[in-house]
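Top line first, the protein sequences correspond to chains A and B. Counted from 1, the first sequence has number 112 at position 112 by our numbering; the numbering is strictly sequential. For any residue, its number in our numbering is found by taking its place in the second sequence, counting from 1, and adding 1000.
Hints listed in this document are in silico derivations from the structure and should not be mistaken for laboratory results. Don't take each hint at face value.
[As the list claims (entries may be wrong)] Computed Cβ-Cβ distance ranges for the label pairs, DEER-style: (1) A:ARG91 to B:GLY1015: 50 to 58 Å; (2) B:ALA1143 to A:ASP180: 17 to 25 Å; (3) A:ARG90 to B:LEU1088: 21 to 29 Å; (4) B:ALA1143 to A:ALA69: 29 to 37 Å; (5) B:VAL1128 to A:PRO46: 56 to 64 Å; (6) A:VAL43 to B:ALA1143: 36 to 44 Å.
Since this is a predicted model, take the numbers as computed values, not measurements. Every residue gets a Cβ at the ideal spot worked out from N, C-alpha and C, and that includes glycine.
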Amino acid sequence: MGAAEDRLRSLLIRAVAGDEQSYHQFLTALSAHLRGYFRKRLVQLPGEIEDLVQESLLAVHNQRHTYDAQRPLTSWVHAIAKYKLIDLLRRRSHRESQSVSLDDANDFLSYPDTDAADARRDLLKLLDQLPERQRLPIVHTKLDGLSVADAAKLTGMSESAVKVGVHRGLKALAAIVRGDA
Amino acid sequence: MSTGDLVTLLATGAGAATTDATSRRFAIAMTCGTVVAMLLMIFLLGVRPDLREAIFLPKFWIKVAFVGCVAAATLLLSIRLSLPGFPLGRAPVGLAIPVFAIWAVAATALFNGDPAQRAQMFFGDTWVVCPFLIAMLSVPIFAGVIWAMRGLAPTRLRLAGGIAGLLAGATGALIYCLHCPEMEAPFVGFWYLLGMLIPAGIGALSGRRLLRW
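Take these sequences, add in the hints, and give me the full structure.
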């Protein structure tokens, strides 16, 4: 656990400071850990694993300002993964939730799994449900890779409106995914 | 969208993240909530007319210290409960200490007091309204704390909602101290605590709905 913890932690600290390459590496490594964690616990629901990995990644991204760099990364990520797992089980039935073991953070980084199945839910399609002032900033800055300034020019929005649109759009996407919107 | 594509989407243009969101949100919530509750107290209830004399009495400060310590402990707990995986540490002990302390003071006062005065020490003149007025003053603070938590990431929603309610109740009670004429520890240790527990109960019952993310 120690080496993975140190590596992920330093990647996230650099990512939060604005290093996008580190952030990409962090999220890629984290997906494998999330997948391994969920695969061990969702033996009865294998079809849910990849969707839950994606939902958790979105949650980690939207809530990344809650990571305290003084604290171990593992306990932070594990708490988020466990929260999302319990939330999924609550959305389904209580019967299933009793057959799942929820253990402590210690083995969170022990079973990385890079064998991604297809997600059943397509986030790209869900993106279409967002209002234009959120959808366009996400499409331009995050899918097409434009700078905030170029996206602002293209849409006629101000730069701060583009940034707010991305931020709120990803939160709205997370709300659609968990069935709140 | 594959998970790899999602990772690319999230990382592209992500920029730097704010690192002071927790303290900033709680500072805004507590400031706004307290100001509104203070205005409610001033215009609906009124400041006690003898406040100038009351502030020289130890009993007044025992009451303020009890409520203030509960507010401080629940503020710390609220912050910790808003961060995933953050240990609560000794904060729960910090919450228990003022409660047991006021009960000890209350028990001593009842034991040493004139038996004929005991009912008066416990019920005072305002026990019927006290818990409800504290709960009323807690409303704007509760709204603020829930707003602060919704921008963070509590993972134990029922507990976080309950502690948010207790923080709102304790802060509301602190403001209520400026109005309330009661000074006896047996009164404070029961009716004040009951007033704080009303928003705490509401918070615990509604936490899952209000705080889900």
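Evaluation of the provided hints:
Hint check: A:ARG91 to B:GLY1015, Cβ distance near 32 Å, so the stated range 50 to 58 Å is violated. Look at B:ALA1143 against A:ASP180: about 19 Å separates their beta carbons, and that is inside 17 to 25 Å. Between A:ARG90 and B:LEU1088, the C-beta spacing of about 23 Å keeps the proposed range 21 to 29 Å intact. Taking 29 to 37 Å as the suggested C-beta distance range, the pair B:ALA1143 and A:ALA69 conforms, at roughly 31 Å.
Distance hint check for B:VAL1128 and A:PRO46: the Cβ-Cβ separation is about 59 Å, which falls inside the suggested range of 56 to 64 Å. Distance hint for A:VAL43 and B:ALA1143: a CB-CB separation of about 42 Å, consistent with the stated range 36 to 44 Å.
The structure shown violates just one earlier hint, number 1.
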